[in-house]
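S.K.: Heads up: the sequence lines are chains A and B, in that order.
The first sequence maps to residues 36 to 333 in our numbering.
The second sequence maps to residues 16 to 249 in our numbering.
I should point out that these hints are in silico values taken from the structure, not numbers from a laboratory.
One or more hints might be untrue.
As the list claims (entries may be wrong) - Keeping only pairs whose Cα atoms sit at most 30 Å apart, straight-line, the calculated DSBU-like set for lysine-lysine is:
#1 A:Lys127 - B:Lys20
#2 B:Lys20 - A:Lys216
#3 A:Lys202 - B:Lys124
#4 B:Lys140 - A:Lys202
#5 A:Lys216 - B:Lys123
#6 A:Lys202 - B:Lys20
Stated by the list, open to error - DEER-style ranges, computed between Cβ atoms:
#7 A:Gln201 - B:Val28: 53 to 63 Å
#8 B:Ser234 - A:Pro321: 41 to 51 Å
#9 B:Thr224 - A:Lys327: 51 to 61 Å
#10 A:Gln201 - B:Glu127: 51 to 61 Å
#11 A:Leu317 - B:Leu74: 45 to 55 Å
#12 A:Val108 - B:Ser90: 48 to 58 Å
#13 A:Ala322 - B:Gln207: 43 to 53 Å
#14 B:Gln207 - A:Pro321: 29 to 39 Å
#15 A:Ser116 - B:Thr224: 42 to 52 Å
Even for Gly, the Cβ is constructed at its ideal location relative to N, Cα and C.
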Amino acid sequence: MSTFFQTLIVGLRLGSIYALIALGYTMVYGIIRLINFAHGDFIMVGGYTVIFTIPLVLRLGAPAWVSVLAAVVVCALVGMSTELIAYRPVRKKGTNMTALITAIAMSLFLENLAQAIPVIGPNPKVSTQIFRAGGIRFGTVTMEYTTIFTLIISAVIMLVLYTFTQKTRLGRAMRCVSEDKAAATLMGINVNHTILLTFGIGSALAAVAALMYLAQYPKVYTTMGGLLGLKAFVSAVLGGIGIIPGAMLGGIVIGLVESFTTSYISSSMADTFVFLILIIVLVIKPAGILGKNVGEKV
Amino acid sequence: MLEIKDLNVYYGVIHALKGLSLTVNDGELVSLIGSNGAGKTSTLHAISGLLPVASGSILLDGKDLLKTAPNKILSLGLAHVPEGRHVFARLTVEENLLMGAYIERNQKKIQENLEKIYSYFPRLKERYRQLAGTLSGGEQQMLATGRALMTNPSIVLMDEPSMGLSPLLVKEIFSIIGTLHENGITILLVEQNAKMALAVADRAYVLETGTITMSGIASALASDDRVRKAYLGQ
Chain A
36 MSTFFQTLIV
46 GLRLGSIYAL
56 IALGYTMVYG
66 IIRLINFAHG
76 DFIMVGGYTV
86 IFTIPLVLRL
96 GAPAWVSVLA
106 AVVVCALVGM
116 STELIAYRPV
126 RKKGTNMTAL
136 ITAIAMSLFL
146 ENLAQAIPVI
156 GPNPKVSTQI
166 FRAGGIRFGT
176 VTMEYTTIFT
186 LIISAVIMLV
196 LYTFTQKTRL
206 GRAMRCVSED
216 KAAATLMGIN
226 VNHTILLTFG
236 IGSALAAVAA
246 LMYLAQYPKV
256 YTTMGGLLGL
266 KAFVSAVLGG
276 IGIIPGAMLG
286 GIVIGLVESF
296 TTSYISSSMA
306 DTFVFLILII
316 VLVIKPAGIL
326 GKNVGEKV
Chain B
16 MLEIKDLNVY
26 YGVIHALKGL
36 SLTVNDGELV
46 SLIGSNGAGK
56 TSTLHAISGL
66 LPVASGSILL
76 DGKDLLKTAP
86 NKILSLGLAH
96 VPEGRHVFAR
106 LTVEENLLMG
116 AYIERNQKKI
126 QENLEKIYSY
136 FPRLKERYRQ
146 LAGTLSGGEQ
156 QMLATGRALM
166 TNPSIVLMDE
176 PSMGLSPLLV
186 KEIFSIIGTL
196 HENGITILLV
206 EQNAKMALAV
216 ADRAYVLETG
226 TITMSGIASA
236 LASDDRVRKA
246 YLGQ
């Protein structure tokens with residue numbers, strides 16, 4: 036029984052990291068129908084920012100996790116610059132396919148640029164302890180502080196994000212732009228600014244995810260966004276891409292599948308099961324768990 | 016006052032508007048009639064900045080709309096009810112109306128306008144928490160119209176408000192347009208339903224393949240033989 040609870044907790048922790056990353060994919064997809072392949076690499080950018088700012092933060096006497104603030108700013112800037120420099124011009128001139136290929140190019144560009152920077156280089160870097168070590172015991176189950184913080188922070192962020200999109204003027208504007216850009220323009224909404232804001236928020240979430248990922252797996256390397264991003268993308272699709280609660284749900288489901296497969300079957304089968312679940316769900320419900328099967332409006 | 020002079024618009028290689036000129040004076044209800052593909056919607060899209068203009072001028076109270084960013088045009092007092100309503104289907108009725116007041120920051124004014132719109136369209140008040148996508152066509156038209164009125168615009172462009180509605184609802188929508196006009200709102204109305212559009216308007220223009228071919232007092236046009244033959248089926 037204690038294995039079950041331990042596995043459940045690990046799954047939730049992993050799932051909330053996937054969920055935070057999946058939100059970035061889903062928000063961008065929702066607003067410009069683009070799968071932002073570079074999003075996984077924003078996690079890498081966040082990871083390095085955390086690693087490089089931790090010594091600074093510690094010298095100021097603050098706890099290591101405060102470095103996430105720098106990562107949030109850097110990731111938001113990188114995300115918004117990607118939109119401004121790469122995606123927006125292509126969107127104006129090209130098709131959806133051109134934009135998609137640009138996104139793949141941006142991903143490769145960021146990975147290779149990182150390797151070319153001397154202080155980063157091709158070798159992985161190891162992070163120091165981020166949240167305090169140890170944990171709280173509940174009977175036979177141990178909750179590590181890292182887990183507790185990860186769960187609390189992601190729950191708060193998701194709640195804030197959901198409230199923002201549902202209840203605020205800017206959040207409503209984002210939903211309008213994602214639904215109908217011409218009508219949004221007629222309401223006086225600056226569509227380009229709204230898209231930029233979406234990139235900023237999505238990338239900032241990737242920075243937070245990077246911190247939590249490092250808290251658990253303290254290693255940063257230039258291609259770390261690859262599989263991590265892919266699984267988060269799978270989460271977004273699983274939950275119903277473009278739907279914010281869908282990304283949250285999809286992330287948690289993928290995290291649980293991964294941790295239960297690792298515990299009860301085999302760790303080498305974990306990724307296999309993640310993608311198997313994706314295929315099964317998409318065969319049964321192509322629009323994802325929370326997606327509605329509506330044809331694209333012409 | 017809205018003044019359009021010598022407007023030229025291209026849709027790819029198609030010359031959609033060929034030197035179109037028209038004027039809407041303050042307080043007037045002007046109808047723009049014409050058959051499918053004549054360029055009626057293109058005209059409205061050009062005014063709202065949704066379509067690039069090749070040459071010509073569009074002035075609203077002397078301000079050059081062609082030099083105004085499309086999302087700034089509403090704040091100059093020009094609102095647009097697009098063809099096919101374009102309500103935000105996944106937002107509630109009230110959220111849609113609030114989006115109409117996106118550029119307004121004064122909460123008290125927003126609430127006042129909300130109450131005013133609900134008094135124009137009591138049915139919207141009954142359904143204020145319903146998703147706009149679940150409304151009937153007529154209700155969506157009311158919502159799109161109400162949304163456009165949320166900022167007290169000085170002029171409203173209405174594109175095919177009767178499209179896809181039952182005859183009974185068409186009557187209702189036109190009676191609402193008449194009421195808005197009586198309340199002093201300036202309206203440029205685009206319609207395929209020429210009979211209703213001429214009945215409700217002060218003046219009208221006839222648009223054929225991107226050019227104004229006739230214009231004048233609406234009642235005079237309604238009794239013109241050419242208009243009767245081509246647009247009124249008489």
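S.K.: Quick check on a hinted range of 51 to 61 Å for B:Thr224 and A:Lys327, using CB atoms only.
M.R.: Taking Cβ atoms as reference, B:Thr224 and A:Lys327 lie about 41 Å apart, which means the hint is violated.
S.K.: Quick check: does the Cβ-Cβ distance between A:Val108 and B:Ser90 fall within 48 to 58 Å?
M.R.: violated, 32 Å
S.K.: Take a quick look at whether A:Lys216 and B:Lys123 sit within 30 Å of each other, Cα to Cα.
M.R.: holds, 28 Å
S.K.: Has the given pair, A:Lys202 with B:Lys124, been kept, meaning a C-alpha gap of at most 30 Å?
M.R.: holds, 19 Å
S.K.: When you check the alpha-carbon spacing of A:Lys202 and B:Lys20, does it fall within 30 Å?
M.R.: Answer violated: A:Lys202 to B:Lys20 is near 43 Å, above 30 Å.
S.K.: Given the hint of 53 to 63 Å, check if A:Gln201 and B:Val28 actually sit that far apart at their C-beta atoms.
M.R.: Violated, at about 44 Å.
S.K.: Within a Cα-Cα threshold of 30 Å, do A:Lys127 and B:Lys20 meet the stated pairing?
M.R.: Holds - the C-alpha atoms of B:Lys20 and A:Lys127 are around 29 Å apart, at most 30 Å.
S.K.: CB of A:Ser116 to CB of B:Thr224, is that within 42 to 52 Å?
M.R.: The hinted range 42 to 52 Å holds for A:Ser116 and B:Thr224, with Cβ atoms some 46 Å apart.
S.K.: For A:Gln201 and B:Glu127, compare the CB-CB distance with the range 51 to 61 Å and indicate the outcome.
M.R.: violated, 24 Å
S.K.: 45 to 55 Å was suggested as the range; check whether the CB atoms of A:Leu317 and B:Leu74 agree with it.
M.R.: Given a distance of about 54 Å, which is inside 45 to 55 Å, the answer is holds.
S.K.: If you draw a straight line from the CA of B:Lys20 to the CA of A:Lys216, is it 30 Å or shorter?
M.R.: This hinted pair holds, its Cα atoms lying about 28 Å apart.
S.K.: Against the 30 Å threshold, does the CA-CA distance of B:Lys140 and A:Lys202 hold or violate the hint?
M.R.: Within the cut-off at roughly 19 Å; holds.
Checked against the numbered hints given earlier, this structure breaks hints 6, 7, 8, 9, 10, 12, 13; the rest are met.
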